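Given chain V's structure and the hints, the job is docking chain L onto it.
Number of protein chains: 2
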Amino acid sequence: MAVLLYDLATADDRRLSPFCWRTRMALAHKQIAHETVAVSFTGIRGIGDGSYRRVPVVCDEGYWIDESSAIADRLEATRSNAPSLFGGSAGRALSVFVDAWATRLMMPIGRIVVPDIHKLVAAEDHPYFEQSRRTWLGTNYDAMRAQRGEDLERIRRALAPVRSIVAAQPFIGGETPLYADYQVFGLFQWARTTCDVALIERDDPMHPWLERCLDLYDGLGRSCPAYDW
Amino acid sequence: MAVLLYDLATADDRRLSPFCWRTRMALAHKQIAHETVAVSFTGIRGIGDGSYRRVPVVCDEGYWIDESSAIADRLEATRSNAPSLFGGSAGRALSVFVDAWATRLMMPIGRIVVPDIHKLVAAEDHPYFEQSRRTWLGTNYDAMRAQRGEDLERIRRALAPVRSIVAAQPFIGGETPLYADYQVFGLFQWARTTCDVALIERDDPMHPWLERCLDLYDGLGRSCPAYDW
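Same order as they appear, the protein sequences are chains V and L. If you read the first sequence in our numbering, its first letter stands for residue 1, the second for the next number, and so on. If you read the second sequence in our numbering, its first letter stands for residue 230, the second for the next number, and so on.
This is chain V alone, in the form it adopts within the complex (with noise of 0.2 Å):
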């Protein structure tokens, strides 16, 4: 196998990382046959050299690289005969404004999800996870569930601008997905495979394009433990 997609996994097999899903779904998109190997929060830094400290890492015919929206690009450039994750340049600065739009909506949806993932990281990880969270969040457990229902009204009028495109058309991109697609659904499977709390509605326009989403590749989207919104 020439290519090795390096997945954050929880004890039961959850493949939980907004990231490494903009990652998976982009490697499915350029059809590049792969394997994903799952690390636990601990396990990545055993991946590689040692160097790394976040997934997504790709070993890619034995080039190393790290960081999704570089994967990303890297893909883009080498597979240029496989359909297009950005479908021209305007496309991608549509993905380098959904990126930094999507920045402003992780530590809302990290408040409600991380005290849930506490609970699905294997035993070993448990010291670790609560203390960068912690940090990264700046409160407790309690106080972010505290603020779930906040939160929740925030990151639902905050995704305003994916539910008035997928309202019009069947994904971001268009009639078929692009890389902002995935960017979004990111967010979303780490909700869903973590956390009960539904991030949307039922009767909200974006869940018929969040179907559309884990449809996509065989449902590969579908191919986890994750929560019936």
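What the hints contain is simulated information worked out from the structure, not anything from laboratory work. Computed from a predicted model, the values in this text were never measured in an experiment. Built from N, CA and C at the ideal position, the CB exists for glycine as well. There's no promise every hint is true.
If you want a taste of the chain L side facing chain V, the calculated C-beta under 7 Å gives, among others [as the list claims (entries may be wrong)]:
id: 1; residue: P312
id: 2; residue: G316
id: 3; residue: S318
id: 4; residue: A389
id: 5; residue: S393
Coordinates of chain L only, in the frame set by chain V:
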């Protein structure tokens, strides 16, 4: 003159409408010879057959059309030989995304600029302007002024996606501007032409982008009175 743009103007001919600026830049981008017709707030009802309640309104060789997104779509479809406003379907998705994203900035920017716009509009527009803006923003001028600092912080944070893109490339659209640039630029023109509160600081990575937008089409964006941020 085959193409007319009905363009909102203050008593001293400041062209302040963020949506008219989108259209004006789009017409220049498409290299369409046109004239603008200055209209006051209460003058909008006198446009065409009297059915319009908002600008921009364009009369394109006898075809009347309003709503900036619809106008952009028409210009793209009818002037396919001129430079594209979207750069393909992914770029059009970018515009839909930016449109919905920008909508969430309208109220905080509105609260900053509306009290100053009041001083600039024609006297006969004052009652209409004050009432319609109070209804839209749900508050009075004193309260808007009182929360300026907070709104300004919110706006600067919310501009992060644009900041990320233009820190890495000249325009949101890439090496050259696309309609997405004009969508954001319109917000800045709304504020620049009416209010001395700079939406961004001089050392913001967006500042050189704003200057580039102002330079486009022989300095079209500088062609009416405005504040020098």
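Okay, the hints, checked on the actual structure:
At its closest, the beta carbon of P312 (chain L) sits 12 Å from a beta carbon of chain V; the interface hint therefore is violated under the 7 Å criterion. Interface restraint check: G316 (chain L) against chain V, minimum CB-CB distance 3 Å, threshold 7 Å, status holds. For S318 (chain L), the shortest C-beta to C-beta distance to chain V is roughly 4 Å, which falls under 7 Å, so the interface hint holds. At about 5 Å, the closest approach between the beta carbon of A389 (chain L) and any beta carbon in chain V falls short of 7 Å, and the interface hint on this residue holds.
With 7 Å as the threshold, the beta carbon of S393 (chain L) comes within range of chain V, its nearest partner Cβ sitting at about 4 Å, so the hint holds.
Checked against the numbered hints above, the structure violates only hint 1.
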